[in-house]
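K.L.:
So the sequences go chain by chain: A and B.
Under our numbering, the first residue of the first sequence is numbered -19, with each subsequent residue one higher.
Under our numbering, the first residue of the second sequence is numbered 282, with each subsequent residue one higher.
Everything labelled a hint here was simulated from the structure, so no lab data went into it.
Please read these numbers as outputs of a predicted model, since none were measured by experiment.
For glycine and all other residues, C-beta sits at the position ideal for the given N, C-alpha and C.
Among the clues, some could well be false.
What the hints assert, rightly or not - Pairs of lysine-lysine, PhoX-like flavour, derived with a Cα cap of 20 Å:
{"id": "1", "chain 1": "B", "residue 1": "312", "chain 2": "B", "residue 2": "355"}
{"id": "2", "chain 1": "B", "residue 1": "502", "chain 2": "A", "residue 2": "48"}
{"id": "3", "chain 1": "B", "residue 1": "301", "chain 2": "A", "residue 2": "6"}
What the hints assert, rightly or not - From chain B, some residues computed to sit far from chain A (all C-beta separations above 10 Å):
{"id": "4", "residue": "305"}
{"id": "5", "residue": "405"}
{"id": "6", "residue": "438"}
{"id": "7", "residue": "462"}
{"id": "8", "residue": "523"}
{"id": "9", "residue": "595"}
{"id": "10", "residue": "634"}
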Amino acid sequence: MPYLKEERPETLGVEGEWNIGAYTWKANRLLEEFVEGLKQRKLVGSLCFGCGKVIVPPRNLCGRCHRKMEGRVVVSDVGTVTCFIISPPIKRGKIKVLGMDPVEQGLIQEDEVIIPVFVKFDGADSNLGTLLIGADPKEVHIGMRVRAVWAKETRGELSDLEGVEPLR
Amino acid sequence: MRRVAIVGYAQTQHQFDMQKTREDMVFEVVKEALSHAGITRGEVDTVVTASTDFLDGRTISSVFLSMAVGAYLKDESKTEEDGTSAAWYAFMRILSGVHDVALVEAHTQGSTFNPHQVSFYTLDPLFDRQIGVLNDVSAAAIQARMYMSSYGVSEEEIAMVSVKNLSNAAKNPFAQRRMPDLTVEEVLGSKLYYHPIRELMMSPISDGACALVLASEEKAKEITDTPVWIEGVGVCQDFYLRDRNLLELDSLRKAAKDAYEMAGIRDPYAELDVFEVSEKFAHEELMIYEALGLCRRGKGKVLLERGATEKGGEIPVNPSGGALAADPVCATGLVRMVEAAKQIRGEAGEYQIPGVRRALAHGQFGMCAQKNWVFILGGEG
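Isolated chain A (complex conformation) (with noise of 0.2 Å):
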């Protein structure tokens, strides 16, 4: 079975054009508070008065309380990675990574692999879904240590968190 769109040379269709509608949400206030933080390099996660748990990023309710997170912290920009992925070769303009491509970003060349990883940051009870940067792909474990890259420019948007790099 294919697993790209290119590989589908046909499909059902009809020619034409269709009204497919447009959905629209009503935002979180917390994504505001969380790429605020990324515009000073923070990392803003929510705490559970209930449960003390802290969550990056910062979500309003807290499942096991079932209580709103009412607090806020900045957890450190050094993690563990707890998972990750290693993708196949990347083509330029296929796919986009918190908002970014990362071949157009530089942080790879075309035909070579990305690395997503979860992160847990030092402070925080939660897994944080990033790019590792700058590693080789042999080199990558469960149990790494890493550090937060921030664009060069921060701009207040999930993307000026680039990735982790390992701790060296």
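Position chain B relative to chain A; hints supplied.
P.N.:
Okay, now just chain B, sitting in the frame of chain A:
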């Protein structure tokens, strides 16, 4: 068979463009329902929600609300369509004997995605969607025209439904449209959509949520001194738009018949004290009177003209204002259950009907009320 009761409930103040995320809205209404019942999340055995992925704009949308609704690491399931379907399912889960306490929740934020556009997606994609102008409003207009010409009903008579319900809603703090001094002329002067359907003859676009707590007899008696018993339920759905006689609400007639039979009701006019129905369009309320067996076919307008369905009438219908006053789509039928329960418990404040022992709540979903749920609720005694 086990008996099941409503032991707690809450609803939001329904409004257009609520300044809350869906998650916060649901969290708050669930917290309030649990606190109204006087129980904690820990005492809930199963959680059943209702919404549609189309309206929520995500697939398997309940996953994203599991924490808000208090379902974290709990038995949880979601029904589609109206909240009365979730109540019906939760009722059966308790009847099964496996669960004793169920939390039911339903919601829609119509301001984030026009529900009338969603109605377009419920149409057959290859033929009916391509007509372009077919949607729930134009389908309702087709139905209203059939009804008017078959039974000699005027636009004024249909507008009187809006006047009754929206002025009733003036006393309901949860309603969106509260219009104490509304006149037939104002209804007929409101914006025309598909003739004869005008803005004040159709339900508004609302953001809102509703939650209720159901419990088995034993548990219900522990939780409250004033349980509201589910005495009867009926559910029925009709053919799709094109195959159906739009002049009739046959599926509602059948659902009501089943619910009456289960509750041992032979004469609904005499035996029920108040009705909370989901009239998404004003003309539907007249058709609902007929399908519920309150009058003969085509005579709905006579009940209205006689004032029988007014708050002070013999069979008050929608003292809360009904769906015309607020329509948070999937929550609308569940709100009717809450309003009926409030009437039985004497908690309806300024729109309380005196001496309510038994009430009917109705939910619907689909074009021209394609699917219907009827609940008969009763107090102790």
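K.L.:
All hints, please: hold or fail.
P.N.:
Each hint tested on the structure:
no., hint, verdict
1, 312(B) / 355(B), "holds (16 Å)"
2, 502(B) / 48(A), "violated (31 Å)"
3, 301(B) / 6(A), "holds (7 Å)"
4, 305, "violated (7 Å)"
5, 405, "holds (14 Å)"
6, 438, "holds (36 Å)"
7, 462, "holds (33 Å)"
8, 523, "holds (21 Å)"
9, 595, "holds (44 Å)"
10, 634, "holds (35 Å)"
In this structure, the hints that do not hold are numbers 2 and 4, in rising order.
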